[in-house]
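Using this note's numbering, count along the sequence shown one by one with no gaps and you end on 446.
It should be emphasised that the hints constitute simulated quantities derived from the structure, not laboratory data. Among the hints, erroneous ones may be present.
Unchecked claim - Quick list of in silico lysine-lysine cross-link-like pairs, DSS-like style, CA-CA up to 27 angstroms: (1) K279 to K307; (2) K279 to K359; (3) K227 to K251; (4) K434 to K359; (5) K251 to K203; (6) K434 to K279.
Computed from a prediction, not measured in an experiment: that's the story for all the values here.
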Amino acid sequence: MKQLVTIYLLMSLATTIHARQPNVIFILADDLGYSELGCYGNEFNETPTLDRLSQQGMRFTNAYAAAPVCSPYRAALMTGLHPARVGILDYLRPNSAFALSTSYHTLPEAFQTNGYTTGFIGKWHLTGYKYHDSPYEIRPTDHGFDTEVAGEVKGVGNGANFWPYFFRDQPIRWLDIKENKLGDDEYLVDRMNHEAIQFIEENQSKPFFLYLSHYATHSILNGRPDKVGKYINKHPPGKSLRSNCYLCKDSGHEGDPLHHWAPNHNPHLAAMLESIDDGVQLITEKLEELDLADDTIIIFTSDNGGETQVTTNTPLRGGKSQLYEGGIRIPMIVRWPGTIPVGTLSDEYTMNTDFFPTLAKACHLKMGQNHQT
């Protein structure tokens with residue numbers, strides 16, 4: 074944790090440098106393994122913006138998730154507490170009787186009560202759903218977010234990556250996106266990136282906290298066809314454990330519904346990751362355009378390691394759902410111009426429970442007596 078303590082001290086010194094409380098943009102990829110980014114040694118995937126971001130700030134080599142699956146990680150991120158203390162120890166099923174209780178004082182609530190505008194885009198996965206008769210459905214807006222966009226309606230929409238965001242022949246959308254803005258072939262990652270830019274534009278005049286929580290690169294892998302085609306033509310062709318696939322009928326793909334893993338996994342994963350990278354480029358360019366870059370902390374990371382039937386997490390053992398390094402060791406990049414030295418590499422240990430106290434200090438948040446420790 075020593076390096077994050079160093080960042081903590083650097084951030085505390087930033088009071089004299091930055092005239093206003095900094096904005097925070099937290100970008101979370103789903104199931105993105107440790108070695109998927111170019112700056113972590115991947116030679117197949119193309120992530121030029123994230124690679125550049127790592128040179129503009131600090132890249133971590135020993136960042137860890139509090140759990141090897143998504144819901145516990147997200148609970149720990151929101152509360153700053155280990156998942157065992159929150160009582161969410163596995164990913165929540167659609168009919169789960171558990172949800173992140175509103176009794177916890179969360180990170181967005183801390184920002185909100187200190188005058189920040191708070192926005193949430195994407196995957197929440199900290200509740201059951203009324204559609205599945207869950208007794209609780211607790212949304213991001215119940216935990217301090219002013220707005221929620223593209224959240225789950227009836228569960229996590231695996232593979233529902235194209236407008237209208239139906240999965241298979243389900244009667245309702247999996248995602249709360251009622252109209253398309255980017256054309257009939259609208260792609261989910263692109264839409265979420267678009268919403269992030271809109272949020273930044275609308276809230277540029279006061280401090281904001283934006284949590285952009287991508288569904289990508291969670292399987293079922295389903296990248297944009299133009300990007301997938303580019304990677305299919307690259308060598309090597311990628312890893313595939315199954316010959317048949319089912320991607321998403323609504324996006325024009327057909328296959329064997331009993332085999333849910335896409336063929337040529339690397340091309341689809343690489344395409345989805347490139348779309349995330351495109352969004353980071355749009356965000357950084359918008360911050361520059363609005364003269365907000367120096368006053369904005371950008372954090373990029375993943376909720377756990379990659380799924381072993383999709384990727385390898387090389388050189389680590391295991392992957393998602395496993396407590397081996399491949400399941401809990403994740404990529405992490407932090408940029409804050411003028412505060413975090415450019416091009417720095419940290420091999421110190423940190424975990425996602427550190428974000429809450431570090432950001433509270435960096436943003437000068439006054440914590441109430443009800444804040445858990």
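Hint check results:
| no. | hint | verdict |
| --- | --- | --- |
| 1 | K279 to K307 | 45 angstroms, violated |
| 2 | K279 to K359 | 15 angstroms, holds |
| 3 | K227 to K251 | 14 angstroms, holds |
| 4 | K434 to K359 | 26 angstroms, holds |
| 5 | K251 to K203 | 18 angstroms, holds |
| 6 | K434 to K279 | 18 angstroms, holds |
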